[in-house]
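Visitor: Next come the chains, spelled out residue by residue.
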Amino acid sequence: MTRSLTFRAAIVSILLFAAFVLVWHLATRGSGATVAMDPEYAKLMGATATTGKSAMPGPLDVGATVWGHLKDPFYDRGTNDKGLGIQLGWSILRVTIGYLLAVLVAIPIGFLIGMSPLMSKALDPFIQVLKPISPLAWMPLALYTIKDSGLSAVFVIFICSLWPMLVNTAFGVASVRKEWINVARTLEVGTLRRIFTVLLPAAAPTILTGMRISIGIAWLVIVAAEMLVGGTGIGYFVWNEWNNLSITNVITAILVIGVVGMILDQLLARATRAVTFPE
Amino acid sequence: MTDKFISIEGISKRFPAAGGGTTTVFEDLWLGMERGTFTCVIGHSGCGKTTVLNVLAGLDRPSDGAVIVDNQSIEGPSLDRAVIFQSHALLPWLTVMGNVAYAVASKWRRWSRAQVEEHAQRFIALVGLSGAERKRPAELSGGMKQRVGIARALSIEPKILLMDEPFSALDALTRGTLQDEVRRICQETGQTVFMITHDVDEAIYLADRIVLMTNGPQAVLAEIVDNPLPADRARDDVHKHPLYYAVRNHVVDFLVTRSKSYTDADKAALDRRNPPIVRPGAPEPAIVSGESASPSWPGLSRPSTSHAG
Ligand SMILES: Nc1ncnc2c1ncn2[C@@H]1O[C@H](COP(=O)(O)OP(=O)(O)OP(=O)(O)O)[C@@H](O)[C@H]1O
Ligand SMILES: [Mg+2]
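Residue numbers (our numbering), protein chains in the order written: chain A, 1310 to 1588; chain B, 48 to 356.
Treat each hint with caution, since some may be false.
[To be verified] Just some of the chain B residues that point at chain A, by a computed CB distance under 8 Å:
hint, residue
1, Ala104
2, Ile121
3, Pro124
4, Ser125
5, Ser134
6, Ala136
7, Leu138
8, Pro139
9, Tyr149
10, Ala150
11, Trp155
12, Pro184
13, Ala185
14, Leu187
15, His288
Simulated from the structure, these hints should not be mistaken for laboratory data.
Where a beta carbon is used, it is the ideal one built from N, C-alpha and C, also for glycine.
Based on the provided sequences and hints, a complete structural model is requested.
Guide: The structure is reproduced here in structure tokens:
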């Protein structure tokens, strides 16, 4: 029954996609009015004005571009012409570094907050104020203090990944079942061993849920951050291609961003499942 | 006063009440337990049994009074006192072996992994779970989970075993088997046991002494029933013993009527340090034996049905 449901869902997905591509194709086939003009002028005006080609690329154009990028993702022809793979690599690198730094900070502090009602109350006002700040608002401050655009992007990723992990870790640790803690207490298990043998495994699903939210936000923010700092990265690529008026490349980048985001999310979802045990 | 192995000395427990003030769960509770004895506590839901057990375990502190174990006052949880929790409390991310080994490794911290597993294996076998070592709690039945909890508690070879309704979630058959196992193990190892139960038959089968608590709030320890049944009783014929129904009726009678009707005057009259010790069936409390011992012993209880067929 579930198998057939999955199967039917897949069919519907494919049909929807095909319908979307078809409409897209028809809408961009090009039916704009053409005006007779001087050939010199026509060259300046481009295909849209002369042959009635749509200004929006069609699915075939995008398909060809995607294929072109897939065939050669890592070429490097100067500052403004690098392969999509290289740009993606930079973005993923920045996200990974900022995210891992956030893990290193958020999880220990989350444990502290979750285990100590005093620290929980004491740190609460700071978290409440800092959490709602848009990560990009930190950018000028980061650029001013760090003086390196790449590292500033990493810092912005760090800041935006921090809060969901911190809040979820604190919540997960604070709501570990009392009985499990009592088991450790009756066995005279010390604090450090209790953290690793009871609190961590018990809170792991909640912590990983926070990490999953964080990676999603980090991947959203990196595009905007790289548009601001420029130089390399998929965000910069999008902005650069927009300046080149290469809408095909922009659409390609949008697709790729979506796919990478999905992969990152699924990795964390898998990790969450791996540490979740039914009672 | 401290000639007993465990001595509960005037403990009380108060919780802050909803509208300010406090509610007293129980007050000025005294109870002594000798080494190697099996004590069962019976009382209605909410009278404070779990609270007493938590104090004994060191998981909770009394508002007043103290508990002395082996001439030392309880300051916190200890490996000498193992707890079998009402809801088994297994760690779901560990296997059966992992759960028991966790306890063993906590007690003997220098042991090698092989030593720990061998010791744990012995107790897993003891509760009849050999072959299920690699299973996680979610893959076990309720009875098997409870047995893992028992194996975990016994594996640290405690001096005192504290059990909070360990069998209440089980079917009658499994419960019987586990009662037998626990009784055998306790007799073999000379455990001192404190157990909470709602099951009168279970208490009579297992306990040397049955402690009766009145309804809360302000519950008191009304009396201690000294079990007159022989120590070598067996589960399949314990109910045929001439004194079985004397004890049973005494306890049921307490639960049904006397636990509620215990007035403040009765409480005031009670010598809390030395609650009355009753031995049903013995010459003294004649009310009980006179009423019920004769019709229910043995096989005379339902003469009409046996003649009809
Ligand atoms: N943390 C707490 N705060 C306030 N009241 C509490 C708390 N813990 C227990 N109580 C109260 O203490 C009383 C005794 O609780 P306890 O759990 O010891 O009952 P019990 O005899 O074990 O009942 P049961 O047979 O249902 O397990 C109850 O009336 C309960 O409402
Ligand atoms: Mg209870």
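Visitor: Now look at each hint and say whether the structure bears it out.
Guide: To see whether the hints hold, each was checked on the structure:
For the restraint placing alanine 104(B) at the interface with chain A, the shortest Cβ-Cβ distance is roughly 6 Å, inside the 8 Å limit, so the hint holds. Contact between isoleucine 121(B) and chain A, as hinted, is not supported at the beta carbon level, the nearest pair being about 12 Å apart and thus beyond 8 Å. With 8 Å as the threshold, the beta carbon of proline 124(B) comes within range of chain A, its nearest partner Cβ sitting at about 5 Å, so the hint holds. At its closest, the beta carbon of serine 125(B) sits 7 Å from a beta carbon of chain A; the interface hint therefore holds under the 8 Å criterion.
Hint on serine 134(B) holds. Least Cβ distance to chain A is approximately 6 Å, under the 8 Å limit. The beta carbon of alanine 136(B) comes within 4 Å of a beta carbon in chain A, closer than 8 Å, and the hint placing it at the interface holds. Contact between leucine 138(B) and chain A, as hinted, is supported at the beta carbon level, the nearest pair being about 6 Å apart and thus within 8 Å. For the restraint placing proline 139(B) at the interface with chain A, the shortest Cβ-Cβ distance is roughly 4 Å, inside the 8 Å limit, so the hint holds.
Annotation: tyrosine 149(B) was flagged as interfacial toward chain A, and the flag holds, the nearest CB pair being 7 Å apart, inside 8 Å. Because the beta carbon of alanine 150(B) sits about 6 Å from the nearest beta carbon in chain A, less than 8 Å, this interface hint is met. With its C-beta approaching chain A no nearer than about 11 Å, tryptophan 155(B) sits outside the 8 Å limit, and its interface hint is violated. The closest approach between the C-beta of proline 184(B) and any C-beta of chain A is roughly 7 Å, which is under the 8 Å cut-off, so the hint is satisfied.
The interface hint given for alanine 185(B) is met, as the beta carbon of that residue sits about 4 Å from the closest beta carbon of chain A, less than 8 Å. At its closest, the beta carbon of leucine 187(B) sits 11 Å from a beta carbon of chain A; the interface hint therefore is violated under the 8 Å criterion. Hint status for histidine 288(B): violated, given a least beta-carbon distance of 36 Å to chain A, over 8 Å.
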